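So the protein sequences, as listed, match chains A and B.
Counted from 1, the first sequence has number 20 at position 20 by the working numbering; the numbering is strictly sequential.
Position in the second sequence counted from 1, then plus 93, gives you the working numbering.
Don't read these hints as lab results, they were simulated from the structure.
There may be inaccurate statements among the hints.
[To be verified] Anything over 10 Å on all C-beta distances counts as not near chain A; from chain B, calculated:
1) 337
2) 416
3) 426
4) 487
[To be verified] Derived pair list, reagent style EDC-like, types lysine to aspartate or glutamate, alpha-carbon separation capped at 20 Å:
5) 50/A to 300/B
6) 123/B to 300/B
7) 50/A to 76/A
8) 50/A to 90/A
9) 50/A to 316/B
10) 191/B to 121/B
All values derive from a computational prediction rather than experimental measurement.
The beta carbon of each residue, even a glycine, is placed where N, CA and C say it ideally should be.
What follows is the residue order along each chain.
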Amino acid sequence: MLLLHCPHCGARPEIEFRCGGEAHISRPEHPEAYDDAAWASFLYFRSNPKGGHAERWLHAHGCGRWFNALRDTVSDAFVASYPMGTPRPEGGA
Amino acid sequence: MPHFSLSSLLFEAFNAHKGWGLQWRKPEPKRAYDVVVVGGGGHGLGTAYYLARKHGITNVAVIEKGWIGGGNSGRNTTIIRSNYLYDESAAIYEHALKMWGGLAQELQYNVMYSPRGVMMLAHTQHDMQIFMRHIYANRLNGIDNEWLTAEEARAFCPGLDISPGARYPVLGAALQRRGGTARHDAVVWGYARAADALGVDIIENCEVTGFIRQSGGAIAGVETTRGPIRARRVGVAAAGHTSVVMARAGLRMPLESFPLQALVSEPVKPVVPCVVMSNAVHAYLSQSDKGELVIGAGTDQYISYSQQGGLHVTSHTLEAICELFPQFRRMKMMRSWGGIVDVTPDRSPIIDRTSVEGLYVNCGWGTGGFKATPGAADLFAHMLATGARHPISAPFTLERFRTGRLIDEAAAAAVAH
Chain A
1 MLLLHCPHCG ARPEIEFRCG GEAHISRPEH PEAYDDAAWA SFLYFRSNPK GGHAERWLHA
61 HGCGRWFNAL RDTVSDAFVA SYPMGTPRPE GGA
Chain B
94 MPHFSLSSLL FEAFNAHKGW GLQWRKPEPK RAYDVVVVGG GGHGLGTAYY LARKHGITNV
154 AVIEKGWIGG GNSGRNTTII RSNYLYDESA AIYEHALKMW GGLAQELQYN VMYSPRGVMM
214 LAHTQHDMQI FMRHIYANRL NGIDNEWLTA EEARAFCPGL DISPGARYPV LGAALQRRGG
274 TARHDAVVWG YARAADALGV DIIENCEVTG FIRQSGGAIA GVETTRGPIR ARRVGVAAAG
334 HTSVVMARAG LRMPLESFPL QALVSEPVKP VVPCVVMSNA VHAYLSQSDK GELVIGAGTD
394 QYISYSQQGG LHVTSHTLEA ICELFPQFRR MKMMRSWGGI VDVTPDRSPI IDRTSVEGLY
454 VNCGWGTGGF KATPGAADLF AHMLATGARH PISAPFTLER FRTGRLIDEA AAAAVAH
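With the rest of the complex left out, here is chain A (with noise of 0.2 Å):
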């Protein structure tokens, strides 16, 4: 079991968690806009990485709050947890 680091609670247990997949995927400005390429991309293309992984959990058993974490998919080891919103930090390969 992954041992998280939620931002506004410290280490937690998984099983407090719901991971939400791959972070940074926003929600096109102009839908109007997106041909079916473009929405395919945004709905179900992933990036899939075996490395570094930048992903969305929710605390879902606790502050009820969603943020992000870089993640290796290798070794599962956090390099780190950061609010929503913020770029992505450096490292994680």
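With chain A fixed as given, assemble chain B onto it according to the hints.
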């Protein structure tokens, strides 16, 4: 390749089995092939076999970064069934199921296909209604699936707790009698041996590190840890690592790779005569011919390539199994492991060409790729040989994520998630 016959078996029996030799060669890679298949699991080896056998293309290499049988081919829970809801899925899995029956004879290798029946338990009224819908949809597609009452389910699988006070009451079950199991190692070994005999080069311990492109962008081969290998067509069947391989060709995929865990118990005498599945509580159980209970758990919630997962995922499954089969509460578990499965947004596979000319992909089988091995290999070989989609695999395109014509088995069918 040694031919197996009664006389060769007798001869080797008196020869202390010293004469069998290697079942496939360990060739050095040639400079060029007609087709290179990336990934030496069941799907990749089967693809090479059918390319040689059905399409006469024998100048083929299978490139495997590890060893044969060391990836998901050796990590699955060997369950075979075809009782999927939608017509497209039913057709593709039934295509595979029909091939399982004759596979041992065709490969001259005992894959131990055992149609012992796959029984899916219904715990709620809603489960019952869903399963009834599946049963009728399956029958319309010519696929056997039948309803068992709780008493019939226990008669089919003694030991199942159907008492009304059970933590997970069993209201009935859907049974596909032709479903069952096969020996996963034998499947890859059999395909490797048969493909090798037809001239296919199986190159182990060789990882694809990049793609060689023609000036127009089309595929001209692969870069590997054992040097460049040129090929007119490249087919990727890399399961959980598909996104990683395709990224080396500059392509993003509609895939996420999750750890899927399994575990086996200490061996005991025959006690579970069929495959028992309960999607509601994430328990998948059968017994191997060695006597071990083979148990499938759920996936972890985050993407990972670690080939391991959280203990709470397997605990959840074991808790459910201890409720369904109270006599297993004192059973010891021997080993647990994880495999990395590539999951699409609609939980259906992809067998298609890509936007790079000459590059083809067979992926997205997610948590259920083993059962499809012969069928997927046959359909992917068709695509690599002809460049065209087979009618059965035609709906399973990359394009469907753009057009919206998804085959959404995630919610509808009894897919393990």
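Status of each hint after checking the structure:
no.	hint	verdict
1	337	violated (5 Å)
2	416	holds (20 Å)
3	426	holds (17 Å)
4	487	holds (19 Å)
5	50/A to 300/B	holds (15 Å)
6	123/B to 300/B	holds (15 Å)
7	50/A to 76/A	holds (10 Å)
8	50/A to 90/A	holds (16 Å)
9	50/A to 316/B	holds (19 Å)
10	191/B to 121/B	violated (36 Å)
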